[in-house]
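Assembly of the complex is requested from the two constituent chains, each provided in isolation within its own frame, with the hints serving as guidance.
Going down the list, the sequences are from chains V and B. Residue numbering for the first sequence is 21 to 171, as defined by our numbering. Residue numbering for the second sequence is -12 to 234, as defined by our numbering.
Just so you know, these hints were derived from the structure itself, not from any lab. Be a bit skeptical, because a hint or two may be false.
Example chain B residues on the side facing chain V (calculated, C-beta under 7 Å, incomplete) [stated by the list, open to error]:
#: 1; residue: K16
#: 2; residue: H18
#: 3; residue: T19
#: 4; residue: D22
#: 5; residue: K23
#: 6; residue: R142
#: 7; residue: E146
Beta carbons: idealized from backbone N, C-alpha and C, even for Gly.
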Amino acid sequence: MRRFVILVADDDEDDCMLLSDAFKEKGNHVDLRFVGNGQELLDYLHRLDGHPSDEDAAPCPDLILLDLNMPTKDGREALKEIKADPKLRRIPVVILTTSREERDILLMFDLGASSFISKPFSFDDWRGLVEAISSYWFKFSTLPPVKRKGC
Amino acid sequence: YVARLERLNKELEDFAFIASHHLQEPLRKIHTFGDKLKARCKSFTDPEARDCVIRMQKSADRMRSLVYDLLRYSRVTLEVETFVPTDLSVVLRHVLAGMDESIEQGRATVEVSPLPVVDVDERQMHELFRELIGNAIKFQGESAPVIQIGAEVHRNPDERPYCAIRVRDNGIGFDERQVERIFAPFQQLHAHDSYEGTGMGLAICRKIVERHNGTLTAKSVPGSGTTFTIVLPLRQDVREFIEKEAA
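Here chain B stands alone, though its shape is the one from the complex (with noise of 0.2 Å):
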């Protein structure tokens, strides 16, 4: 039952991988062929077909992020696992110098203490933190933002030792009652025209960390920030610890 489970969501992972690829191409066609109408619009004495035309090519566009972020959210379980342990304070010290012109623009400070050596996927972690970066300089409050990134390490006996990194803001927040939509695909709490997006990047970021065996969580108080955190067990390798537990 459980391989027939697998089997099927395996299925539906990679119908919603080609469906997504696949459904690029119409609207790759449908922008640029609103270029070569737009083009000869110019001399059109009516200018709302111009308008329709620029309005139909937002759309398109619109649609196209939909689908490349669909198609993002599908990859996630599609990529092979390479758990390899790796030092996640160089893979931050890496997204932060890549994001070094948002965060300039945002007016953001990162403050970053040490992270653990963890077994991940370094390019899955790579997109995770800059999500979560990326998130926290977008829906700022009024002052700007300040992002602390820390991490602490449980090694307790009776259990698989683990790692809790937290990515806290102080950015607009939102009301908790609102939090596992947050996680959902595809959902905004504010409006298209308020902050750009998809609503995928939650969604990512948490099937990133559940695909590491991991939980994202997230605490908030409107308007004060809100603190998420990524709960990793340092390994992967399972038979590890069962063996340890056993002897």
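Extracted from the complex, chain V is given alone in its bound form (with noise of 0.2 Å):
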């Protein structure tokens, strides 16, 4: 089975440690990449800035974990912009927040997020919702075709 690779958008250090630490415990079978805005995702994505267009130091990501609130430039502003671009508009973009603002949900819905989580409270609840990312979309889901080369 293929590493998938999930590209995690979020600036704070202690929930991509979480993130990291419920993957590790629930095995190997995913590639995490940390990006810490919404810039430096879009940048990953257009391979600019830093980020060589070498497959195994930038793979394209088969799923997208995006934090809304973040500095520079913010979850809501770079999903719009990932949507807005034929070349990365079908990347499934995840929803992971603090916020629980109906007014976000609903953006986030409207701007083609393809689901919506709120941060888990305890490290049981970070461990199930690994689990269940990954049954969800790299055991049921068919995902898009990824090019390997360039996304």
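Below, the structure is given as structure tokens:
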């Protein structure tokens, strides 16, 4: 089984660590990559600013986990740009945020998010979340084919 | 002056909303890293260490509930005003359907008389009924709770038509000298350990009713029960009434 690539856009180091630890506990079939804000996410996807176009160094993601409140460019703007770009819009984007605001939920689905998840409150729930993400997206779903050389 | 006061109030409410939203974040982390620490403590020989982590997490959970309710409280007036004519009997029916488990667990009986159609924010009415019924179940006395909900409509020629909705229970009640305390934020008449909760429920209820230009009051006899009275104008459009008065 190939390793699926999840690109995580989150400026919160603690949450990145918790997500990474939970994935580690649940097996090593996922290649997690991290960026710290919406601009870095788009740079990664467009292979700009210091991200080499080397496939191993910056593989094209099967799934994006996107936080909403981030510096420089937030998740809302990043999602809008991803969904407006014909080369990127098929990559499923799952919102992973602390927000539970109805306006954010509605806006994210309007902009094309595949799912909206509030960050868990216990480590058990982090484990449950990564298990659910893995089984839903990588076991039962059929993802659009990823062009392995560049997105 | 009034405009300035309104702006300051709005700023204060925005502040409470933003502050409580951001306060939830570190609490979530305290709990989650506590989980990880607890898992490691399994190998510790000192049982006190694990106990300390559990106590720390319980405090974080409690503070999270407080912050969450502060958020709910500040949100009441931040909602966009959407008062539409709503059949409160239907709202109440939905509330009771959603609470069937807690009503059953609390061995409660709810007796409902027809309620009028009133201009309200439906979601907030839902919250109001849920809080008051939940309150009656929580503060039950020795006998199984009986909750009676009914309303009277008043249409006097010289005042705005209004309704008085009464939620009556046979619970433990309280000393009426404490009546204003029960509606104040974070106030509880009982020790934390005896009844769960943050002391925000009735404060939220009063804020909801006041946002509807109404009043929420309570009458109680210790040991016999409490009656909450919600007075609401039937129509929120004041102009209609003023024009009729002038005519």
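Here is how each hint holds up against the structure:
1. K16: Where the cut-off is 7 Å and the nearest Cβ of chain V is about 5 Å from B/K16, the hint holds.
2. H18: holds (6 Å)
3. T19: holds (5 Å)
4. D22: holds (4 Å)
5. K23: Since the shortest Cβ distance to chain V is 5 Å, the answer is holds.
6. R142: Check failed: Cβ of B/R142 comes no nearer than 36 Å to chain V, outside 7 Å.
7. E146: violated (36 Å)
Hints 6 and 7 from the earlier list are contradicted by this structure; the remaining hints agree with it.
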